[in-house]
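Student: What follows is the residue order along each chain.
Number of protein chains: 4
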Amino acid sequence: MSKKIKVGVIGAGRIGKIHAQSVTYHIPEAEVKTIADVYADKIKDWAHSLGIENVTNDYHDILNDPEIDAVLICSSTDTHSQITIEAAKAGKHIFCEKPIDYDLDRIHAALKAVEEAGVKFQVGFNRRFDHNFKQVRELIKAGKIGEPHIIKITSRDPEPPPVEYVKVSGGIFLDMTIHDFDMARYLSGSEVEEVYAQGAVLVDPAIGEAGDVDTAVITLKFKNGAIGIIDNSRKAVYGYDQRVEVFGSKGCVTVSNDTPSSAVLSTVEGVMSEKPKYFFLERYMDSFVQEMKDFFDAIVNNKETPVTGIDGLKPVLIGLAAKKSLEEGRPVKVGQ
Amino acid sequence: MSKKIKVGVIGAGRIGKIHAQSVTYHIPEAEVKTIADVYADKIKDWAHSLGIENVTNDYHDILNDPEIDAVLICSSTDTHSQITIEAAKAGKHIFCEKPIDYDLDRIHAALKAVEEAGVKFQVGFNRRFDHNFKQVRELIKAGKIGEPHIIKITSRDPEPPPVEYVKVSGGIFLDMTIHDFDMARYLSGSEVEEVYAQGAVLVDPAIGEAGDVDTAVITLKFKNGAIGIIDNSRKAVYGYDQRVEVFGSKGCVTVSNDTPSSAVLSTVEGVMSEKPKYFFLERYMDSFVQEMKDFFDAIVNNKETPVTGIDGLKPVLIGLAAKKSLEEGRPVKVGQ
Amino acid sequence: MSKKIKVGVIGAGRIGKIHAQSVTYHIPEAEVKTIADVYADKIKDWAHSLGIENVTNDYHDILNDPEIDAVLICSSTDTHSQITIEAAKAGKHIFCEKPIDYDLDRIHAALKAVEEAGVKFQVGFNRRFDHNFKQVRELIKAGKIGEPHIIKITSRDPEPPPVEYVKVSGGIFLDMTIHDFDMARYLSGSEVEEVYAQGAVLVDPAIGEAGDVDTAVITLKFKNGAIGIIDNSRKAVYGYDQRVEVFGSKGCVTVSNDTPSSAVLSTVEGVMSEKPKYFFLERYMDSFVQEMKDFFDAIVNNKETPVTGIDGLKPVLIGLAAKKSLEEGRPVKVGQ
Amino acid sequence: MSKKIKVGVIGAGRIGKIHAQSVTYHIPEAEVKTIADVYADKIKDWAHSLGIENVTNDYHDILNDPEIDAVLICSSTDTHSQITIEAAKAGKHIFCEKPIDYDLDRIHAALKAVEEAGVKFQVGFNRRFDHNFKQVRELIKAGKIGEPHIIKITSRDPEPPPVEYVKVSGGIFLDMTIHDFDMARYLSGSEVEEVYAQGAVLVDPAIGEAGDVDTAVITLKFKNGAIGIIDNSRKAVYGYDQRVEVFGSKGCVTVSNDTPSSAVLSTVEGVMSEKPKYFFLERYMDSFVQEMKDFFDAIVNNKETPVTGIDGLKPVLIGLAAKKSLEEGRPVKVGQ
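Residue numbers (the numbering used here), protein chains in the order written: chain P, 195 to 530; chain A, 195 to 530; chain H, 195 to 530; chain Y, 195 to 530.
Worth flagging that the hints you see were computed from the coordinates, not collected in a lab. Given the structure is predicted, the values throughout are model-derived calculations rather than measurements. Treat each hint with caution, since some may be false.
No farther apart than 25 Å at their CA atoms in a straight line, the calculated lysine-lysine pairs in the BS3-like style are these [as the list claims (entries may be wrong)]:
(1) Lys227(Y) / Lys487(Y)
(2) Lys527(P) / Lys415(A)
(3) Lys200(A) / Lys238(H)
(4) Lys417(Y) / Lys429(H)
(5) Lys517(H) / Lys211(A)
(6) Lys415(Y) / Lys527(H)
(7) Lys517(H) / Lys198(A)
(8) Lys517(H) / Lys415(Y)
(9) Lys292(A) / Lys471(A)
(10) Lys328(P) / Lys508(P)
Computed beta-carbon distance windows for the label pairs [stated by the list, open to error]:
(11) Val494(Y) / Val494(P): 33 to 39 Å
(12) Gly523(Y) / Tyr472(P): 51 to 57 Å
(13) Glu225(A) / His220(H): 16 to 22 Å
Okay, the calculated bits of chain P under chain Y, using three or more residues with CB under 8 Å as the criterion [to be verified]:
(14) 260-271
(15) 331-343
(16) 458-472
Beta carbons are placed, not taken as given, at the ideal position from N, Cα and C, and that holds for glycine.
Turn these sequences into a full structure, and let the hints steer you where they fit.
Tutor: Written as structure tokens, this is what we have:
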């Protein structure tokens, strides 16, 4: 391939910047040509330091640029589906941050536009690209644990987001657990048919007042007969707790948290090791790079992307079922 | 105390023998005077090797012996409540293997008899005396994890019992999970209010044909707001899997499985450590001794026993609720 | 075997009591008939509580008792070789605490007496019977690590003995490292040919004034080409540190410390697990029982004992070479 | 700082390429202007893909370029000291791969040239920048283990280099252990006074025929009284084994190997985890980036480099002493 893939980044918040850097430093076959952000002025210096020439506050400049092959949609959630539709119509390959939308009709419209345009489409469920979870998936695919029977996912944040954020977040199931729903599908290789959610306000009453819960346990019934358990907390004082365990007919595989170092200190007070890496930036940085590599690999080699439109839709369906389950105090079937 | 406590053991199956040995070797203040078993002839040699003089096939010989202070009821489950009642009326202190009964009326009758007689009564939930779980409880009591939010119990057997046993076992919740229900109460220091059980037949279709499940996930709602999760399997090919995790406002405590040794072997094939201790005899032998020590300590020092009649009743109530939940596919309140 | 082996215990200090209990509770084929101690009066109650009838202050009462088959020599070190000689002449099987003696002539005399009498003789290197070290030896014997290349032994006490004891202890190499020299031979399956010892006084100057060191590193050259390393400290503030690692052509095996429980506590301050079991009584209690089992097994089934007279001699030879090495600041060959 | 530091890379073998990439992608304040390699033609494409414009086969083009501020000397070992002298005279800041030289006179000449020129000089002991070892050093500096008493370094390669390489490598102590000698100084914060080395040919007889050993154990005596132990093997079949342990008056700190993932697989065969990361490229990639960051930080902020000329000299002195010790079979003082 003689020519580099030209990329437009839409939205230069934290995650948009990370992706722009990944493309610049780790994807030799691609380069960011233009970056669009409503606060274009504020990101110019940063963009130039990466060698990105064009900065605009109108993402249409990217969509209208015939030289640009692919876009990374990193703007606010409420714009994802709309920009996806426009980008698809403009014939751009699309990497879209999760979730595509909270509204099922809008998700379907976006996926339809993608399908009609025949462009590549990948959703930003980065945890699939994490070295630990990937290894679990590989071991399962290799048959090392036989048929999966029980899938356990622990996912706890080090501290809750601001209550203002909680109010517009769509609720814990669509904001936080959605990653775990994706993980459940990824690890099990099966679809979730039914959900039962329990929730409680144990961390901060203000979260309850905002209509959400901060502690949750969700059980899942998979099509292949397996049972899943997710446990969430908005506040694990020891840091970001991200573990999974998959138990099956021939064995069990677990992964534990990554730590800044393997140092273990033994003193008269006890034996101490390090806390988990603090939060998702520390923990998942490598996975953000890897998902970009795989996205561009799908473009270059015309392969299916590793996280498709369906993979973007399904966790939203599970999340909506979980929400309903919590409201009604009973198990709820996942919609189609 | 100048005189040794005289003990009668009723039922000399596997667990009866273990308790008789514990008393003989580890409880200097007590001695087994008489042992009763329907197959008295078969256990004579064994009894004499322990220095136990009297062997009978009628447990009334124990209840009628005024010299005997305490009885250990280790006979078949269906006899527990009846013998408890008779022993209480005879004024004996009682250690009763779990469960007291599967029938609530009979349990209540037994507990009433115990109360009226004013004798000590302890139920054989031995896992409370295990070094690992005890340490978890101590840390929680010491406030090290703050308020408990999420309690997770993993309890998997290395292999299923014979299907003939499954048929009369009362079902997985009353036969196997009952230990975990007790553990949930012990660790949380709170009562279970509601149960939602999911179950599947993934290990052996014959277990399903016998009307039971072999894989189960049970979520618990505690009075103190915490949420509990128990996961069970009748067959973990790598051995007896007995772990807990309690997550709270100030931290999280976990215990892992005990292994025969700490040896770790690194070769070209990987890094290998030992499987968990095989089953409950290997895993919990020390806890069987410890529960005896605490039982006799309660007698000698006139203290409350560490596992009371209520502690015997509650897990049965939770088990019955779990059964109903599985049958009806919905969360069920635990009865009183 | 219809008749129980009658045992005499000589010396009822801490270790003598442990062995008497092991025989009473764990060796059905043996029983302690008589126990001898210079403070006979002080141990009577304890002896009777175990059901041991005879207590004497003259060990000759044991040697002269034709009913007694075996003796456990647990008296002070300076009496070991002499009593061994007398017991051998009296035709008793002998279990002798380590070391046989610090004087080579006296060791040789004792071993000669044993050989002439044809009695069983076992030296109390209990660590060979520890579940961890035994497993390492089994893995090596099974060829799992191929040919051993490097053998590392870490052996650190939680606190130094009283300086008065240090003065008469024979020095760290004969008092403390002697266990590690035995371990080195046991694990390697080879003899030590040369020793280089480095020592320092880093824990307590009083130990230096007593003519000893409290910190030591000893390298060993084995006949089979392997190299060994032992590191010792008289004071590990976190507790008894007892680990080994054996590296070979096909892999490496390590064992870590045993802990009171597997509890791991994660808080805002870090991830904490338990310190090692405090000292040798906590750590090695099971191994004391096991060495007794194997001793009586050797008698009953007329097998070689698992720790022979040569096994008692060799570590003393290595210890003397280490002493000389430290004094002369050079590697020293081990004598025959 | 408005202008970027211009860098010349001398030698574009494996390590030269890694450093050039680190500067390009991770050091915003620097850029590689020119790269020199005897096989200039072969690296042109690679250089251009990084945006490096100038490629030459004569490193004097770099030294003579007044625009270039700093050089990275990554050429073959025998050229390090000579190029260091020339670069110092040309007023360039110098990052020099280890070792500076095997010849003491040439090292001293290089250090003298650096001193006279007043340029920054850093030696490539990258392991000091590894997250694990750095954390050990931090804990020691923070007084967490008190005074260091025993320092243990395990350093084993996954496979031996070609025998042709062994012949010109300077021997295991100067080629491989030299990193461990540096680590010993780094961790202890003290100088090594005396060395005793034991070596054996246990991996490959051809290494012995080439006049070297492939297995070694080296004990070190530090100025501060501590004792050090290094164990080396040219072939650990399970991968690159890089661990340290520092034991002191108030505690002990250890680090274990990094693994590709934390996955643990339990099956009927045992409990398996991953082997260490394969070799230094996998294990130490982050440390290569970090040492560059610190080098340029020293230039930009006019600070002392973290690995000075003395730090480059001392390990060679220790290595030479170890060589002599092995040849003469006795402990040897380290020269000045």
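Student: Next, verify each hint and record whether it holds.
Tutor: So, going through the hints one by one against the coordinates:
1. Distance hint between lysine 227(Y) and lysine 487(Y) is fulfilled; the C-alpha atoms sit about 17 Å from each other, no more than 25 Å.
2. Taking the CA atoms of lysine 527(P) and lysine 415(A), the gap is near 22 Å; set against the 25 Å cutoff, the hint holds.
3. Among the hinted pairs, lysine 200(A) with lysine 238(H) is consistent with the structure: their alpha-carbon atoms are about 24 Å apart, no more than 25 Å.
4. Under the criterion of a C-alpha separation no larger than 25 Å, the hint pairing lysine 417(Y) with lysine 429(H) is consistent with the structure, at around 21 Å.
5. Annotation: proposed proximity of lysine 517(H) to lysine 211(A) is violated, straight-line Cα distance about 52 Å (limit 25 Å).
6. A C-alpha spacing of about 22 Å is found between lysine 415(Y) and lysine 527(H), which places the hinted pair at or below 25 Å, so the restraint holds.
7. This hinted pair does not check out: lysine 517(H) and lysine 198(A) have alpha carbons roughly 54 Å apart, beyond 25 Å.
8. Our distance criterion of 25 Å between C-alpha atoms is met by lysine 517(H) and lysine 415(Y), whose separation comes to about 18 Å.
9. Note on lysine 292(A) and lysine 471(A): the hinted pairing holds, with a Cα-Cα distance of about 22 Å set against a maximum of 25 Å.
10. About 20 Å separates the Cα atoms of lysine 328(P) and lysine 508(P), which keeps this hinted pair within 25 Å; it holds.
11. Remark: the range hint 33 to 39 Å for valine 494(Y) to valine 494(P) is upheld by a beta-carbon distance near 38 Å.
12. A hinted range of 51 to 57 Å holds for the C-beta pair glycine 523(Y) and tyrosine 472(P), which are about 52 Å apart.
13. Between glutamate 225(A) and histidine 220(H) the CB atoms are about 18 Å apart, so this pair conforms to the stated range of 16 to 22 Å.
14. For the segment 260-271 of chain P, the proposed coverage by chain Y is not satisfied: 0 residues have a C-beta within less than 8 Å of a C-beta in that chain, short of the threshold of three.
15. With a cut-off of 8 Å between beta carbons, the segment 331-343 of chain P has 3 residues touching chain Y; three or more are needed, and the interface restraint holds.
16. Counting residues of the segment 458-472 of chain P whose beta carbon lies closer than 8 Å to any beta carbon of chain Y gives 6, which meets the minimum of three for the stated coverage.
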